[in-house]
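> Chain residues, written in single-letter form:
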Amino acid sequence: MTTRNTKVMNRFDVTSRLIAKLKHEEAVVGGIGNTNFDLWAAGHRPQNFYMLGSMGLAFPIALGVALAQPDRRVFALEGDGSLLMQLGALSTIAALKPKNLIMIVMDNGIYQITGAQPTPAAGVADLVAIALGSGLANSAWAADEEDFERLVDEAMLADEPSLIALRIDDKPGVGTTRRDPVQIRERFMHGLGVREPL
Amino acid sequence: MAIAEQQPPAGQAAADRSWHSIVLQTLKRNEVSLIPYVPDRVLTPLIKNLHADPFFTTFATAREEEAVGIVSGAWMGGRRGAVLMQTSGFATLANVLASLAVPYQIPLIMFVSERGTLGEFNYGQSLVCRTMRPVLDSLALEHHTITRLDELEFIADRSIKQAVTTQAPVALILNPLLTGGKVFDK
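So the protein sequences, as listed, match chains B and X. With my numbering as the guide, the letters of the first sequence map in order to residues 1 to 198. With my numbering as the guide, the letters of the second sequence map in order to residues 1001 to 1186.
Worth flagging that the hints you see were computed from the coordinates, not collected in a lab. All figures in this text were calculated on a predicted structure; none of them were measured in a lab. Note that the Cβ used here is the ideal one computed from N, Cα and C, for glycine as well. Watch out, some of these pointers could steer you wrong.
[Stated by the list, open to error] Cut-off 27 angstroms, straight-line C-alpha distance, at most; resulting in silico cross-link-like pairs (DSS-like, lysine-lysine):
id : chain 1 : residue 1 : chain 2 : residue 2
1  : B       : LYS171    : B       : LYS7
2  : B       : LYS99     : X       : LYS1161
3  : X       : LYS1028   : X       : LYS1048
4  : B       : LYS23     : X       : LYS1028
5  : B       : LYS21     : B       : LYS99
6  : B       : LYS97     : X       : LYS1048
[Unchecked claim] Just so you have them, the derived chain B footprint on chain X, three or more residues with Cβ under 8 angstroms:
id : stretch
7  : 1038-1048
8  : 1057-1064
9  : 1091-1098
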């Protein structure tokens, strides 16, 4: 498994392609920073959750949603730097095997939002190999946009957790998430059918 | 024997009066069913009994903040959870408390087995324990230290109900006076 032959894609473009496929009120948890901004820019949905901190917890938060609502597909969008901060979560997810959880890793090798410093793993670590080694057998690099869409389609039918990694460019996020945590959380719970609006 | 469990009085059913049985029953009564944890010697009987009870989904996580993320997501999805940890694990949580549980108003329920006091033998544990209450206080976060078996059910049950209804985190600190703590062996 190598990143060598994968195309460098654009985060907003692939996020938009993902959102266009969601027809069943699937939940989407966006990691902090640009991953989140592009999720917002791709079109707000009540089933989107936007993190404003707690770097590295997009997959654990999505795991919690997936365990609470096993009949709903749950996506999580995470950056490579954030994932490095919480690699143990991959093993936890592999052990629990939630079949409705789909993890997407946006890898540009840099901490883009803090000034584009390279991550300590840039150029040496293969995140899909790490995921496979963590026990997530259904993990793959997307070769290009069409391959990404194919992998998403497969993941939506899979009976085990899936991880899809993409190499992306260093373009900044297109939008900016609103920064009201309670409003974000309350809208998300409405979107998941847990709460009714007042 | 590292765990000095409190023994029930003769004639009483041991399973009903132990601290860990009371915690388990209180969780169950309040429909708290998702229990991620990072292990602790003193919590071992509680963790073992949670695993044995199909009402609960009990599993280990690699880090405490991961467990906080999981129960936060679960609560937003309509399922209640609680995190089990020891004091050294709590010390890793300042960021996730201040950036997720508190600002998003999530009723995060934490049970913290207290190391670092009443006979602690590891200097690092005693120092890290002293960071816990200042962190909780600095975030104005509800916390109770439970030392007595006869107060455990009241404090745990009311604290869980308060956390849920006020949408605020709570830390329940299980003191060695309650659990027996960990005694020096190795």
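> Given that the stretch 1038-1048 of chain X was listed as covered by chain B, double-check it with a C-beta distance under 8 angstroms for 3 or more residues.
Since 0 is below three, the answer is violated.
> Verify the coverage statement for the stretch 1057-1064 of chain X against chain B, using a C-beta to C-beta distance below 8 angstroms and requiring 3 or more qualifying residues.
holds (count 6)
> Given the hinted pair LYS1028 of chain X and LYS1048 of chain X, is their Cα-Cα distance within 27 angstroms?
It holds: about 15 angstroms lies between the C-alpha atoms, which stays within 27 angstroms.
> Apply the coverage criterion to the stretch 1091-1098 of chain X and chain B: a residue qualifies when its Cβ sits closer than 8 angstroms to a Cβ of the chain, and three qualifying residues are needed.
Holds: 3 residues of the stretch 1091-1098 of chain X have a Cβ under 8 angstroms from chain B.
> Does LYS1161 of chain X lie within 27 angstroms of LYS99 of chain B when you go C-alpha to C-alpha?
It is violated: about 32 angstroms lies between the C-alpha atoms, which goes past 27 angstroms.
> Would you check the hint for LYS21 of chain B and LYS99 of chain B, treating anything up to 27 angstroms between C-alpha atoms as holding?
holds, 18 angstroms
> Compare the distance between the alpha carbons of LYS97 of chain B and LYS1048 of chain X with 27 angstroms, and conclude whether the hinted pair is satisfied.
holds, 21 angstroms
> Starting from LYS171 of chain B, check that the Cα of LYS7 of chain B is at most 27 angstroms away, please.
holds, 15 angstroms
> Hey, LYS23 of chain B versus LYS1028 of chain X, does the alpha-carbon distance stay inside 27 angstroms?
violated, 36 angstroms
Consistency note: the structure conflicts with the earlier hints numbered 2, 4 and 7.
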